[in-house]
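Q: Below, each chain spelled out in residue letters.
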Amino acid sequence: MSSQARELETLATSDYKFGWVTDIEQESAPPGLNEDIIRFISEKKNEPDWLLEWRLKAYRHWLTMTDPLKRKKSEQWAMVTYPDIDYQSIVYYAAPKNAGDGPASLDEVDPELLATYEKLGIPLEEQKMLAGVAVDAVFDSVSVATTFKETLAEAGVIFCSFSEAVQDHPDLVRQYLGSVVPHTDNYFAALNSAVFSDGSFCYIPKGVRCPMELSTYFRINAANTGQFERTLVIAEEGAYVSYLEGCTAPMRDENQLHAAVVELVALDNAQIKYSTVQNWYPGDIDGKGGIYNFVTKRGACRGANSKISWTQVETGSAITWKYPSCILQGDNSVGEFYSVAVTSLKQQADTGTKMIHIGKNTRSTVISKGISALLGQNTYRGAVQVLKGAHNARNFTQCDSMLIGDQCGAHTFPYIDVRNPSAQVEHEATTSKIGEDQIFYCNQRGISTEDAVSMIVNGFCKEVLAELPMEFAVEAQKLLGISLEGSVG
Amino acid sequence: MLEIRNLHAGVEGAEILHGIDLAVNAGEIHAIMGPNGSGKSTLAQVLAGHEAYSVTEGEVIYEGQDLLDMDPDERAVHGVFLAFQYPVEIPGVNSAYFLRTALNALRTARDEEEVDAIDFLTLIRDKLKLVEMDEKFLKRSVNEGFSGGEKKRHEILQMAVLEPRLAILDETDSGLDIDALRIVANGVNTLYSADKATIVVTHYQRLLNNIVPDFVHVMLDGRIVQSGDKTLALELEEKGYDWIKEEHATHSV
Ligand SMILES: Nc1ncnc2c1ncn2[C@@H]1O[C@H](COP(=O)(O)OP(=O)(O)OP(=O)(O)O)[C@@H](O)[C@H]1O
Ligand SMILES: [Mg+2]
Numbered sequence: 007m008s009s010q011a012r013e014l015e016t017l018a019t020s021d022y023k024f025g026w027v028t029d030i031e032q033e034s035a036p037p038g039l040n041e042d043i044i045r046f047i048s049e050k051k052n053e054p055d056w057l058l059e060w061r062l063k064a065y066r067h068w069l070t071m072t073d074p075l076k077r078k079k080s081e082q083w084a085m086v087t088y089p090d091i092d093y094q095s096i097v098y099y100a101a102p103k104n105a106g107d108g109p110a111s112l113d114e115v116d117p118e119l120l121a122t123y124e125k126l127g128i129p130l131e132e133q134k135m136l137a138g139v140a141v142d143a144v145f146d147s148v149s150v151a152t153t154f155k156e157t158l159a160e161a162g163v164i165f166c167s168f169s170e171a172v173q174d175h176p177d178l179v180r181q182y183l184g185s186v187v188p189h190t191d192n193y194f195a196a197l198n199s200a201v202f203s204d205g206s207f208c209y210i211p212k213g214v215r216c217p218m219e220l221s222t223y224f225r226i227n228a229a230n231t232g233q234f235e236r237t238l239v240i241a242e243e244g245a246y247v248s249y250l251e252g253c254t255a256p257m258r259d260e261n262q263l264h265a266a267v268v269e270l271v272a273l274d275n276a277q278i279k280y281s282t283v284q285n286w287y288p289g290d291i292d293g294k295g296g297i298y299n300f301v302t303k304r305g306a307c308r309g310a311n312s313k314i315s316w317t318q319v320e321t322g323s324a325i326t327w328k329y330p331s332c333i334l335q336g337d338n339s340v341g342e343f344y345s346v347a348v349t350s351l352k353q354q355a356d357t358g359t360k361m362i363h364i365g366k367n368t369r370s371t372v373i374s375k376g377i378s379a380l381l382g383q384n385t386y387r388g389a390v391q392v393l394k395g396a397h398n399a400r401n402f403t404q405c406d407s408m409l410i411g412d413q414c415g416a417h418t419f420p421y422i423d424v425r426n427p428s429a430q431v432e433h434e435a436t437t438s439k440i441g442e443d444q445i446f447y448c449n450q451r452g453i454s455t456e457d458a459v460s461m462i463v464n465g466f467c468k469e470v471l472a473e474l475p476m477e478f479a480v481e482a483q484k485l486l487g488i489s490l491e492g493s494v495g
Numbered sequence: 035m036l037e038i039r040n041l042h043a044g045v046e047g048a049e050i051l052h053g054i055d056l057a058v059n060a061g062e063i064h065a066i067m068g069p070n071g072s073g074k075s076t077l078a079q080v081l082a083g084h085e086a087y088s089v090t091e092g093e094v095i096y097e098g099q100d101l102l103d104m105d106p107d108e109r110a111v112h113g114v115f116l117a118f119q120y121p122v123e124i125p126g127v128n129s130a131y132f133l134r135t136a137l138n139a140l141r142t143a144r145d146e147e148e149v150d151a152i153d154f155l156t157l158i159r160d161k162l163k164l165v166e167m168d169e170k171f172l173k174r175s176v177n178e179g180f181s182g183g184e185k186k187r188h189e190i191l192q193m194a195v196l197e198p199r200l201a202i203l204d205e206t207d208s209g210l211d212i213d214a215l216r217i218v219a220n221g222v223n224t225l226y227s228a229d230k231a232t233i234v235v236t237h238y239q240r241l242l243n244n245i246v247p248d249f250v251h252v253m254l255d256g257r258i259v260q261s262g263d264k265t266l267a268l269e270l271e272e273k274g275y276d277w278i279k280e281e282h283a284t285h286s287v
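These protein sequence lines map, in sequence, to chains A and B. Each number in this note's numbering corresponds to the 1-based position in the first sequence with 6 added. Each number in this note's numbering corresponds to the 1-based position in the second sequence with 34 added.
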């Protein structure tokens with residue numbers, strides 16, 4: 007490695023501000039995956055039998071599936087490469103000791119954990135928090151705290167950890183779990199269904215506009231541990247909710263697997279806005295360490311006039327592999343996908359969306375901004391399907407790529423399948439290079455190269471950032487700047 | 035203020051400037067003229083520090099310091115401003131944000147306090163008047179979709195906000211209609227003061243009717259081959275460059 011590359015490396019990795027480890031007593035399962043481990047997890051969580059059976063069914067199905075990496079070359083469609091994952095060396099359950107009985111009230115939460123979240127910029131004491139944002143904090147395999155529960159309960163909103171929902175609202179969980187992403191969906195969804203540990207559950211009753219932003223903050227802390235969380239958001243008729251998730255992890259030399267499943271259900275006239283700011287540890291310039299972010303996210307617009315909107319800002323992870331999608335079943339339903347994906351260092355991202363138009367007059371909008379720097383590889387993969395009965399379906403897709411430097415890559419794979427002649431599907435794509443001349447122009451006005459890159463990139467992503475809730479847009483802007491520091495000159 | 039001595043510069047192997055000598059004192063206005071491709075913009079870019087050009091020989095002293103040793107943003111902090119011949123578009127970044135970021139970058143580097151959004155608005159409104167630009171430009175992305183003339187006026191707006199000590203205007207008059215030409219010239223004259231200096235690169239005498247230069251230099255093939263007062267520009271307007279080319283050709287044999 008040249009000395010300049012080394013310099014970049016130090017710069018780039020020292021910029022990951024969340025790379026420290028919390029020293030806390032852990033309770034964990036032995037590494038490896040078998041039915042006993044699944045029983046162990048289920049028992050730890052005191053789950054009803056039906057859920058254990060559900061997990062085991064998923065596990066047995068998973069055993070029949072082929073690891074996407076071990077498929078024949080011709081069947082490996084994702085533009086990512088990674089060494090084999092040894093599923094028997096992963097720890098499937100890790101939790102801070104004392105947290106085993108589900109989330110404690112805030113007074114009982116280990117001060118070490120409160121300090122951890124405070125350091126991450128997520129204070130959990132309600133008086134210190136951003137007004138109007140309720141947080142569920144998930145630490146490794148368990149939820150350690152959920153704030154503002156009472157305020158939300160007054161509005162009839164249920165916001166709690168998934169484990170709690172299983173105990174307190176089993177019927178809702180049973181009705182909706184796996185109804186959008188069945189355990190047979192894909193390899194990682196099956197794995198998640200078998201071993202998922204915790205996550206967030208949120209239910210907005212009929213006609214209620216959720217009075218605050220809901221957010222989940224995921225933190226992987228333990229080594230050699232996979233994080234498999236499960237999120238379920240249900241918006242009843244006429245309900246509205248805006249939900250945000252954030253993620254970080256310590257810097258470690260080994261790769262860690264994160265295989266989450268998120269399911270959204272919107273009934274008649276309901277709206278769900280789901281935003282993600284993903285900043286898992288990306289690994290270093292040699293591709294050492296970092297999170298494998300293999301996530302299945304899907305929303306079902308079941309009701310007429312319902313709307314699901316995905317916004318994601320993906321700056322972290324060694325490999326990101328996810329396609330937040332919308333099933334537009336209800337007539338006049340609307341699906342949106344706004345995405346910024348940054349790949350710097352040796353990061354790889356294969357991300358996009360799938361819009362499935364089933365109902366009449368369904369509409370979808372896709373705006374994707376991919377930014378590649380250093381050795382990053384960024385792929386947009388998006389599918390638009392218009393089924394026979396989807397009269398007057400409309401889709402607009404815009405897919406822009408920006409390259410910083412000449413060793414990175416950007417790729418675009420749009421798949422369009424239209425079976426109704428009244429449909430209108432538009433696709434636009436551009437690729438640009440962050441120009442030396444743009445940077446020089448900014449420099450000439452006194453703006454440093456780093457600030458110039460950050461400004462130009464933020465300008466490029468403007469339409470997507472505008473979709474984030476205000477409180478997080480500023481954070482996301484800073485994050486974009488930080489993750490590209492050291493990528494020019 | 036600025037002293038250029040035997041400056042040789044070019045791009046990857048090909049020398050474009052073959053030894054430029056030029057001294058500019060505070061309070062002076064210098065015009066640089068010369069045929070297309072003679073190296074005027076190259077000189078301007080080298081002074082601003084564009085990394086595509088490398089300096090192979092010579093030196094540039096600016097206010098007692100080695101200008102070539104400074105990064106482009108450092109030069110800006112020290113008061114060097116270039117109005118670009120081809121201003122660059124920055125999609126998604128609105129002009130107001132860009133200008134405030136630039137102003138605050140300069141102020142921070144000079145240990146001055148940053149200007150907040152409200153004070154900035156007062157300041158910029160004042161400057162907009164000077165270049166007779168509508169406030170709506172502030173909300174538009176930098177130079178994106180601006181007409182040729184709008185881009186040039188936007189350059190002068192930036193100059194008015196950043197208040198440089200050494201301003202280099204590279205063909206700021208090209209593409210301007212008669213009114214815009216007057217506005218730009220008026221802007222430059224209003225910003226003029228005895229502790230500042232301006233270098234105007236232009237092809238046309240008509241700009242020099244409004245911005246009256248103390249010195250006029252003619253560049254040819256990467257050299258300044260003739261210098262004089264404002265009457266030189268008039269002479270060029272009348273006779274073109276051929277006589278200089280001929281004269282220069284015989285000299286250099
Ligand atoms: N980046 C570059 N790469 C290659 N050649 C260059 C570059 N910049 C300038 N040149 C060449 O150097 C010469 C001088 O160009 P320059 O732009 O300085 O001329 P100019 O005097 O400003 O001309 P004009 O009046 O047309 O603006 C030209 O032949 C030009 O093609
Ligand atoms: Mg020129």
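It is worth saying that the hints were derived from the structure and are not from the lab. Honestly, I wouldn't trust all of these hints.
Have a look at the derived ranges for each label pair, beta carbon to beta carbon [unchecked claim]:
{"no.": "1", "chain 1": "A", "residue 1": "GLU432", "chain 2": "B", "residue 2": "SER208", "range": "36 to 46 Å"}
{"no.": "2", "chain 1": "A", "residue 1": "GLY25", "chain 2": "B", "residue 2": "GLY71", "range": "51 to 61 Å"}
{"no.": "3", "chain 1": "B", "residue 1": "ASP145", "chain 2": "A", "residue 2": "VAL480", "range": "47 to 57 Å"}
The beta-carbon is built from N, C-alpha and C at its ideal position, and this holds for glycine as well.
Q: Need the list of violated hint numbers for this structure, in ascending order.
A: 3
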